[in-house]
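Heads up: the protein sequence lines correspond to chains A and B, in order. For what it's worth, the working numbering labels the leading residue of the first sequence as 16, then goes sequentially. For what it's worth, the working numbering labels the leading residue of the second sequence as 5, then goes sequentially.
Please note that the accuracy of each hint is not assured.
Chain B is faced by these chain A residues, among others (derived, beta-carbon under 7 angstroms) [to be verified]: (1) Gln27; (2) Leu88; (3) Gln89; (4) Ala93.
No lab work stands behind these hints, which were simulated from the structure alone. Note that the Cβ used here is the ideal one computed from N, Cα and C, for glycine as well.
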Amino acid sequence: MAVTTRRGFQEQLADLQHEILRMGTLVEETIDKAVRSLRDRNADLARQVIAGDDRIDQLMLEIERQCLELIALQQPLAGDLRVIGTALKIITDLERMADHAINIARTTLRLEGEQLIKPLVDIPRMAELVMAMTRDALQAYVKRDTGLAAGLEGRDDEIDNLYRRVFDELEELMKKDPGNIRQGLQLLLVARDLERVADHVTNLGEWVIYMVTGERRVLND
Amino acid sequence: MSENKFEVKDLHLYYGSFHALKGITMAIPARRVVAFIGPSGCGKSTFLRTLNRMNDLIPGVRVQGQVLLDGRDIYAPDVDVVALRQRVGMVFQRPNPFPMSIFDNVAYGPRLLGVRDRNALRRIVGECLEAVGLWDEVRSRLDASALGLSGGQQQRLCIARCLAVEPEVILMDEPTSALDPVATAKIEDLILRLKERYTIVIVTHSMQQAARISDYTGFFLNGELVEFGPTGTLFTNPRDQRTEDYITGRFG
């Protein structure tokens, strides 16, 4: 017979996971808006993204406080301890993902009013993949789905390939005309930001696997 | 801040010439769990017992200062101590059921207060056993001796007996130190449920227990209340170095 004890603590753990999901959703929206601001050359949207960063940072600090208090007050062990340890690590990845989105929004502002040196094709494609990965990582976290988490590995490789393609293409454009260098570098940084976001998403996957199984698996080498 | 159930002002207690409590001033909020921790002999149990004048029973005890319950001093000369202890009940370290049936244990207090009606008693016993999560375990043997229950069941029975006289405050003096971890977890869950209706003050040797279940924690040392505050703050960022030393195990 399973006696449910420590109901209060179990509720607090559920709350914590709810907060992580809230932060994750906010970060996902931030990435989405940042990329759209670049694609649609929408400076207002970019400014909105930058202004929203404080809220994400606040949420991170709040979750961090919740985790430390739970450790101090509830003496969590085994699976419960992994849920809290995972939360502490995941919020750092989420916060960095948001920082990369902010970088992209800043680029939108820097390129405000300029004609692009090339149509954006691979960067929006990268963004789409990164968004889908982010969504699935959060889904894996909520559903404790280790299969979905492990699947992020192959998808990160796809991002890395796209990144190399964007790199080569921009390098060519810059070689051809030094007038392209300023914008070329900006777009390269955007691609780099997206590539880094994907790395953090694979970290999320690793943490989900750890939370559920207790094993550390490297999804991104 | 919610209303205060107790307000204690500059309370001193002496056992003969021994100064056991030194100027305790604090407020205990209503319908919260307040825990007291500290090394043996620090005064935490003595302080707990000042809240329903249990120390009166010890010869040579002298009390100075004020303990206000809902604004009225419980040490005032006109206070009816029996009525006080009905409002402020107590649960002890060792479960102490009376050597009588489960039913009679819970009905004892109400009968003492004059409840004679069988149906009324049955209702009270049922509700109190339900409240402590014991009803399903004992409903078929209410006439059996309470001494046949396990330690954890006995302790929950004692809490039910305490609830039967409709107290406002429940004092608990190390209520789980004689129990195994499962029975302890049940009592802790029960405490968290009871705080919706009652003010609970608990003395515990387990600071982990204080951390898990209390809203406010006080740390006693050598008869002084060194620190009192929200449990989350006291255990993550205590103000006093002595508190930090005690809760991190760096003590003497």
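Comparing the hints with the structure gives:
| no. | hint | in the structure |
| --- | --- | --- |
| 1 | Gln27 | violated, 11 angstroms |
| 2 | Leu88 | holds, 4 angstroms |
| 3 | Gln89 | holds, 6 angstroms |
| 4 | Ala93 | violated, 14 angstroms |
Of the numbered hints stated above, those contradicted by the structure are hints 1 and 4, listed in ascending order.
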